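Participant: Just so you know, we're using my numbering here: the sequence shown kicks off at 1 and counts up by one.
It is worth saying that the hints were derived from the structure and are not from the lab.
None of these values were measured; they are calculated from a predicted model.
Beta carbons are placed, not taken as given, at the ideal position from N, Cα and C, and that holds for glycine.
Among these hints, one or two may not hold up.
Said to hold, decoys possible - Cβ-Cβ distance ranges computed for the label pairs, FRET-style: (1) R182 to E449: 42 to 48 Å; (2) T17 to E170: 49 to 55 Å; (3) Q208 to D233: 26 to 32 Å; (4) E296 to E170: 40 to 46 Å; (5) L227 to E451: 50 to 56 Å; (6) L464 to A387: 37 to 43 Å; (7) A83 to A126: 27 to 33 Å.
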Amino acid sequence: MRAHEAGALHGNDAAPTWLPYPTDVNTLIDGLWSRNTSRNSQGVVEVGGVDVHRIAEEVGTPAFVLDEDDFRHRARSFRDAFAEAFRPHRGADVYYAGKAFLCGAVVRWIDEDGLGLDVCTGGELAVALRAGFPGARIALHGNNKSVHEIRRALEAGVGRIVIDSLDEIELVSTVAEELGTRASVMLRVTTGVEAHTHEFIATAHEDQKFGLSITGGAAFDAVRRVLEVQHLDLLGLHSHIGSQIFDTGGFEVAARRVLDLVARIRDELGHTIDQLDLGGGFGVMYNTQHTPSTPEALAAGIAGIVEKQCHELELEVPHLSFEPGRVIAGPSTQTLYSVGTVKDVRLGGPHHRVYVSVDGGMSDNVRTALYDADYSCLLTGRVSDAAPEVVRVVGKHCESGDIVVKDEYLPGDVRRGDLVSVPVTGAYCYSLASNYNHVPRPPVVAVREGEIRTLIRRETEEDLLGLDVG
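Required output: the full structure, derived from the provided sequences and hints.
Facilitator: Printed below as a string of structure tokens:
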């Protein structure tokens, strides 16, 4: 049978087992909202001292609302936790993964707070360079880098280019020779570890497009070839096992396999690997199913794993790098929507489904459709005494799969004109945003100490029509 476009839960109005019935449907659940989000005395949600009605009046809806203090606090927490955990050894750096969310202001915050920046396309590199980010603290990723991207990275003096294939060794070397320079590179290796996450965001198993296989021998061959090439300097190895990971178990197996390769390189090639990047992928709380760890616990756990395995292999602990993105950007941001149509669809007998339509949808958050992601939602423009009702929050697009929140309790009196917010939308929502149905993308605004500042303005119909040269 073909699956219904609206998903496997089509026709079932019961709440999923993981979704608890709320004692108070107006409550801001701890962990789902940024550190400066609260309800004021009138029952209206405020972020950074700005209430959602003011945000809607000044910038409209939908809008991504970013808590600037929260974002920067998370970035500094990861910077400090990993630096402290590896202080007894060669230290550790944190590179913010720009693919989660990137704009000029974020680049400047990351620079001011002393983190590195991980980019994976020429466009992300362009944002970083325009904002004045130091090239030496940039890492360039990508499984299919163009000659133009490599040349621009080398001209900007990026600190590392992460080589993803055997072909790319020759490509980077050739461009470096043309420019009369040497390229500092890391090799991305795949460890065969499958993170417990969605198939499309698990990135270390063998059957996927990233990296060079350790078990298949490509990784060792790549090391040997890089050491033989004149215009490349091998900094170290890079491993990333996936995203939305809540514990350090996967890192234990991955680190062991990478360090086994480091020991083999030492023994057979006489070369010491001084740097190791274990990627990011740390999980966040999208709803009450998730229990994320703290930066301190993650750093201490991974440090213990690396120390133990280096001791067993008689290796010095290398300099470590990590690349958190989602865990910094995600919880800092909520998407503010206005409610339009509310439709109670009777399905026969006692079964029904309440559809709450908002003025955005899969053009500003495609993750529900793409990854089967489960989000939460809250009535933020007011409080309500109405009994909770399981609803499905959907967008305005001409698509049955245009679902923002599959299941959530909202007050039974939710109505047209209400303001609702979906939390934890700071990562991979604006980054994956589209103009499906020719809907302009929303703005991103930062809030801090009672002030609203636009980071990315709302697109207009003129923007969309301006690209149409036919």
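Participant: If a hint holds in the structure, say so; if it doesn't, say that too.
Facilitator: Hints versus structure:
| no. | hint | in the structure |
| --- | --- | --- |
| 1 | R182 to E449: 42 to 48 Å | holds, 46 Å |
| 2 | T17 to E170: 49 to 55 Å | holds, 53 Å |
| 3 | Q208 to D233: 26 to 32 Å | holds, 28 Å |
| 4 | E296 to E170: 40 to 46 Å | holds, 43 Å |
| 5 | L227 to E451: 50 to 56 Å | holds, 53 Å |
| 6 | L464 to A387: 37 to 43 Å | holds, 42 Å |
| 7 | A83 to A126: 27 to 33 Å | holds, 29 Å |
Going through the hint list in order, the structure satisfies each hint without exception.
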